[in-house]
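> Sequence:
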Amino acid sequence: SSSSHSSSKLLVLKAKKEYEKWYKQNIVNIPVELLQSSTEYHDPKHCTKLPNLFDLNFNNIYWQSLTTKNRGIAYFLSAYYDNRYLIENRPMLRIISVIKEVDLPFVKYCQIWFKNEKKLIRSNVSNPITMEPFKTPLHTYILSCNVPKEYSMHIPTAVSLVEGECDLATNILKVNYNMPKDGGDKENFAICIKGIDYPHQDLSFYLVEYIELCRLMGVHKLFIYDYDSHPNMSMVLRYYEIQDQVQVIPMTIPGTRPNLHGLIHEYVKVYTHEKHVYERIPHNDCFYMNIHKYKYLAFFDLDEIMIPNEGKTWSQLINAVMKKEKRNKGSKYEPPSAYLFQGTIYNDALRQPYGWDPDIPKHMFMLQNVYRIPFNSRYPKQIIDTERNLGISNHKPQKCIGICKTHHMQPSEAYISHFRTECKGKCKTVIKDTNTWKYKEELIENVEKSLRNIGLL
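Residue 426 in UniProt numbering sits at position 426 of the sequence shown; the count goes up by one each step and never skips.
A hint or two may mislead.
Distance condition first, Cα-Cα at most 30 angstroms in a straight line; then the derived DSBU-like pairs of lysine-lysine [stated by the list, open to error]:
1) Lys17 - Lys181
2) Lys399 - Lys135
3) Lys295 - Lys174
4) Lys186 - Lys21
5) Lys295 - Lys326
6) Lys49 - Lys100
7) Lys181 - Lys312
8) Lys312 - Lys186
9) Lys149 - Lys119
10) Lys174 - Lys45
11) Lys293 - Lys275
12) Lys149 - Lys174
13) Lys118 - Lys149
14) Lys221 - Lys323
15) Lys115 - Lys149
16) Lys440 - Lys428
17) Lys405 - Lys135
18) Lys438 - Lys221
19) Lys149 - Lys45
20) Lys174 - Lys293
Simulated from the structure, these hints should not be mistaken for lab results.
Only a predicted model underlies this, so the values are computations on that prediction, with no experimental measurement involved.
Sequences are here, hints too, so could you generate the full structure?
What follows is the structure in structure tokens.
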């Protein structure tokens with residue numbers, strides 16, 4: 001009957017919508033709509049075509065790969081459109097990649113695909129940005145391709161990396177161009193947190209305190225890369241994602257390294273030199289994800305936070321420092337590529353001889369731990385200017401647009417608080433520092449409210 005036929009059609013349409021929704025949520029770096037379209041792409045050289053979904057080489061869920069003729073291999077995570085005004089040959093495409101050094105020269109061409117252009121555009125891979133070298137098989141690179149001038153007014157939909165101009169691509173990455181909502185101005189501050197990995201340790205109470213403290217200091221959003229989290233921590237992250245204060249990016253390691261639940265945690269504990277290589281991936285992915293959305297990006301671990309001494313918010317701090325620098329340097333002043341901060345360690349071992357503070361809930365780890373060791377400038381952490389950088393390493397900019405200029409913050413201005421559970425023999429000199437207490441009343445109120453909303457209290 002016609003009614004049953006209509007019902008069947010509706011079910012098919014509903015299933016199709018659910019299928020498309022699943023694709024968008026789970027296959028985030030592939031231009032699914034482009035691959036599902038019936039558009040025929042014209043190749044001026046008449047030698048290749050748009051790959052289909054099953055031409056692609058997938059690796060560890062979020063990666064795609066290219067195998068070269070000499071059996072080399074390159075892994076690709078994401079692609080970004082870079083149209084910053086200081087870029088000499090803008091616009092550029094930036095591809096977050098992990099490659100064996102000997103195989104890098106074989107990744108030669110970008111095949112660029114536009115939604116409304118029925119023609120394949122080619123561009124050479126140029127000026128790969130490498131991170132600090134480690135003695136490991138794989139290295140993190142940012143590959144770049146120039147978008148030809150005649151297409152500079154159009155945003156590419158996707159890009160493929162190939163060895164030969166006529167190769168059928170085995171990868172195709174959605175090109176991301178993330179702009180402020182409603183065409184507004186950039187937000188001031190976001191934090192990029194690399195690969196959290198706590199499969200067995202429940203830090204959910206600490207995580208709430210951390211996020212709420214960031215909010216009080218004027219941080220707009222946290223981008224948290226997640227290898228493996230305790231269920232309670234995942235619950236906290238979902239709560240803040242709904243409020244658009246956190247974005248969680250699921251993460252795996254490329255290649256043949258383990259990615260099973262719990263196993264990645266054991267692996268990076270043993271192979272720490274490889275861990276440092278993999279840390280560059282979320283740093284640079286987060287950087288290019290946000291170059292057009294935020295003025296400044298901070299790169300911290302989850303147990304680190306920058307506390308300003310000048311003012312209560314990061315904006316007050318940066319504005320005060322800029323004002324001071326402009327006054328001292330006059331017309332010679334140039335904004336730095338990055339602000340570098342010395343660090344200090346706070347932990348339970350330092351607090352224990354003094355007991356708990358009765359006015360603060362025991363689960364408020366940062367507010368309870370106000371005993372620290374002297375400052376250490378050996379491994380600074382950074383807040384970078386998104387207009388002036390090209391590549392990010394752990395402790396400083398790796399490559400900048402022009403010369404990398406850094407401003408070293410004095411502890412009297414601001415510093416990194418590194419919260420640990422143990423001291424590892426560095427705790428002979430202990431200093432009481434209650435800088436975080438300037439947020440105490442508001443922070444306790446906000447944390448308690450959020451813990452109740454989440455269902456942890």
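> Return the numbers of the hints above that this structure violates; sort them in rising order.
none
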